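Asks: Sequence:
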Amino acid sequence: MISSDIGKEIIKKELPLIPKLPGVYRMLNSKNEILYIGKAKNLPNRLKSYVSEKNHIIRTERMLSQTQKIEITTTSNESEALLLEANLIKKYRPKFNILLRDDKSFPFIFIGNKDQWPQIKKHRGKKNKEGFFFGPFASAGSANWTIKMIQKIFQLRVCDDTVFKNRNRPCILFQIKRCSGPCVGNIKENEYKKTVSDAIEFVSGKSRKIQKNLSIQMEKASEDLDFEKASILRDKIKSLNIIQSSQRINEANLVEADVIAAYKESGKTCVQVFFYRSKQNWGNQAFFPKHDPDENLNNIINSFVAQFYENKSVPKNIILSEEITERSLLEKTLSQKEKKEINISVAKKGSKLKVINLAIKNAKDSLNRKLYESQNNKGLFEELSKKFNLETNVNLIEVYDNSHIQGSNSVGALITFGEEGFVKKRYRKFNIKIQKNEQDDYGMIKEVLNRRFKRALQEKDNYLTFPDLVLIDGGKGQYSVARETMNELGLHDVPVIAMAKGKFRNSGNETFFYKGKEFKFEKNDPTLFFLQRIRDEAHRFAISAHRAKRKKAISKSLLDQIQGIGSMRKRALLNHFGSARAVESASLDEIKSVNGVEEKVAKKIYNFFHE
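Residue numbers (this note's numbering): 171 to 781.
Simulated from the structure, these hints should not be mistaken for lab results. In this text the structure is predicted, and so the values were computed from the model without any measurement. Ideal Cβ placement from N, Cα and C applies to all residues, glycine included. One or more of the hints may lead you astray.
Unchecked claim - Restricting the straight-line Cα-Cα distance to at most 30 angstroms, the calculated cross-link-like pairs of lysine-lysine (DSBU-like) are:
1. K518 with K434
2. K594 with K265
3. K292 with K594
4. K599 with K671
5. K363 with K297
6. K292 with K449
7. K646 with K624
As the list claims (entries may be wrong) - Simulated restraints, written as ranges between beta carbons of each label pair:
8. G660 with L343: 58 to 64 angstroms
9. K646 with A718: 42 to 48 angstroms
10. D611 with R263: 34 to 40 angstroms
11. D330 with G660: 48 to 54 angstroms
12. L343 with D759: 31 to 37 angstroms
13. A718 with E371: 37 to 43 angstroms
14. Q628 with N466: 35 to 41 angstroms
15. G301 with G766: 37 to 43 angstroms
16. V516 with Y597: 36 to 42 angstroms
17. L343 with R717: 23 to 29 angstroms
18. N338 with F458: 48 to 54 angstroms
19. N538 with N601: 40 to 46 angstroms
Please model the entire structure based on the sequences and the hints provided.
Replies: Following this line, the structure appears as C-alpha cells:
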C-alpha cells in the first residue's frame, strides 16, 4: 500500500518557512534525486493543496510517498516561474513530470548581409550573426533541399570564406549552374547583390513577384536572340515552380505560425508540429513526450508548449488542437520572451481546422507506427529471453564494439536498444586510455566495461542505469573477459552474451556464447535478424567514432608544431599547397605568395623545415 503521509508531513513542516511569492518547487527523494518540478503563482497555496486534498491521483500519491525534501526558488512573477520550470524540467528530467524528449535545435537558412559576396548556408543555434535567418525547417534534409533549389534559381555561393578567398578557378557548382562564380569574378558585385536581394524576397514569401521578373527577363532575352540566357532563365522558372508546389501555399494563409496537434492512444501520445512561414509549409516533426498513461491530453499539450519554446524562437501565432489551462499565461510569457505579441488559439472551424485535422491525422499515423514498432520489439525481447533461457525480463540491451587500425586511435563504443528502438541518448564512446590495451581486444573490453559500470556503481554524474542484457561483438574469449569483468564488479545478475561471425565473417552464420554454451539460429530467424541489426548499429557507431578520432589526429599536421601559426594561416597554407609535405618542399618565395602570410612568418615556416 502506497502511503503519501511522509511527503505530506515534510510539506507541513516547510510551509511556515515558504514566502507567499511566485516561484518553482522541487520534490526530492532520499538520494537527493528530483522527483517532480512544479511552479506556482503563490508557493504556499500550491503546496497546501498536496496536504489538504484527500483523493490524489495514483501518480501524485507515489510521488508524495517518495518525497523526503522540498526545495524552492522564488521568482519576481509567474511568467518567470513558468520559464524556470520548463528549463529545470528539461535539465533534470524528473520522473513524475511530463517530459518532452527534445534535445536539438531546428535548422534555419542564413544569408549574410554584411559580406561583399554573401553566402547561403544552413544554421543551427543562436542567431548571433548579422544577416537574414529563415526557418525553422523541420529537418536538415528539408533545409538542404531548399538551399539546393535556391542555388539553382539564384546561384548564390555556399563555400566558406577560406575556400572562397583562395580559389583561382571556379568549382563544379559553377559548371552545373548552381553558382555564379563570384570567387573568380564571373559576376559583377552589384549583380550578385541583386540576386541576393531576390533570394531574400523569395524565402520571405514573394515568389510570385520573382517568377514574374524572371518571365519578363526570359522574354527580353528571347527578343534579343540571346537563347542561352533565355534557356537558363527558363530552368530557373522550372525550379521555382517545383519549390512552390512542394512547399505548398497553404489554404489557411498562415504567414507565420506553428500548428501543434496531439493524439493519444494506449497511454502514449504523439505531438505533431507543423512549421508555416511566409505562407509556406516548411515541414513537420513528430514528438513523443513521456508522461503517466492516465495524463490528460490538455495537460500534455500545455507542458509541451512550455518546454518546446523554452529554447526556440516563437512565431506570432501558435494554433492548437486542444484548449489548454494556461493559455493566457503562456501567451504573456512567450510575448515577454520574444518582445512581440504572441497569439495562442484553438482551431475550431474553417481552413485552420482543416490544417489542425491534417496535423492530428499525422500524429495518429506516427503514434500507430510507434506502438506497432514497440509491440514488435517487446515480442523480440520475449523471444530472445526464451532462446537463451534468460532468468530476467529484457527491456534494455547494451551492445559493445571496438574499433582500431593496428592499435591506433582505439575506440570502444556502446549503443542501447529499448522497447521504443535505439536510445541515442545512451550512446557512448570510450577513447582507450590504457596504452597496452590499444592493441589488445580483450584489454579494450575490460577497460570499457570497467569505466562504464564503475561510474554507475558509484552513481557519478550522468551515470547510466543498468541494462537487462549486455551483448558483446566477439567470440568465446571476448565472452570470458566480459563475464569475468562484470563478476569482478559484483554484477553477476546482468547476463552477458557474445556474438561472433562465422569463419568467413559472413552474416547469417553467427555463433552466440552464453554460460558456457554455444547457440546457432536458422538463417531466417527473426531473433537472429534482430541481433544482427543491433550489432551492426554498434559497429557503425564504433567505426564513425574511430574515423572522427583518426581525422582529428591526421589534421594535427607538422604546421601545428610551428609557433605563431594559427588555424587561419594553417588553413590558408593547406588550401594553397594541398598538404604539409608540399609546404615543406616549397621555396621561401612560394610561401610568401600565400594570402595572409607576411615575410616574417614565411621565413619562420621555411626555417622550421630547413634548419
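Asks: All hints, please: hold or fail.
Replies: Against the structure, the hints come out as follows:
For the hint pairing K518 with K434, the CA-to-CA distance comes to about 19 angstroms; that is within 30 angstroms, so the pair holds. Distance hint between K594 and K265 is fulfilled; the C-alpha atoms sit about 19 angstroms from each other, no more than 30 angstroms. Straight-line distance between C-alpha atoms of K292 and K594 comes to about 23 angstroms, which keeps the hinted pair within the 30 angstroms bound. The straight-line distance between the Cα atoms of K599 and K671 is roughly 23 angstroms, inside the 30 angstroms bound, and the hint therefore holds.
For the proposed pair K363 and K297, the alpha carbon gap of about 22 angstroms is at most 30 angstroms, so the pair holds. Between K292 and K449 the CA atoms are separated by roughly 21 angstroms; this keeps the pair inside 30 angstroms, and the hint holds. A C-alpha spacing of about 24 angstroms is found between K646 and K624, which places the hinted pair at or below 30 angstroms, so the restraint holds. One distance hint, 58 to 64 angstroms for the beta-carbon pair G660 and L343, holds here, with the actual separation near 59 angstroms.
One distance hint, 42 to 48 angstroms for the beta-carbon pair K646 and A718, is violated here, with the actual separation near 31 angstroms. Under the hint 34 to 40 angstroms, the C-beta atoms of D611 and R263, about 35 angstroms apart, fit the expected range. Restraint check, D330 to G660: a C-beta distance of roughly 52 angstroms satisfies the suggested window 48 to 54 angstroms. Distance hint check: the CB atoms of L343 and D759 are about 32 angstroms apart, consistent with the given range 31 to 37 angstroms.
For A718 and E371, the Cβ-Cβ distance of about 40 angstroms falls inside the hinted range of 37 to 43 angstroms, so the restraint holds. In this structure the supplied range 35 to 41 angstroms holds for Q628 paired with N466, their Cβ-Cβ distance being about 39 angstroms. A C-beta distance of roughly 24 angstroms is found between G301 and G766, which places it outside the suggested range of 37 to 43 angstroms. For V516 and Y597, the hinted distance range of 36 to 42 angstroms is satisfied, since their beta carbons lie about 39 angstroms from each other.
Against the hinted window of 23 to 29 angstroms, the Cβ-Cβ separation of L343 and R717 comes to about 26 angstroms, which satisfies the hint. One distance hint, 48 to 54 angstroms for the beta-carbon pair N338 and F458, holds here, with the actual separation near 51 angstroms. N538 and N601 have their C-beta atoms about 41 angstroms apart, which keeps the hinted 40 to 46 angstroms range intact.
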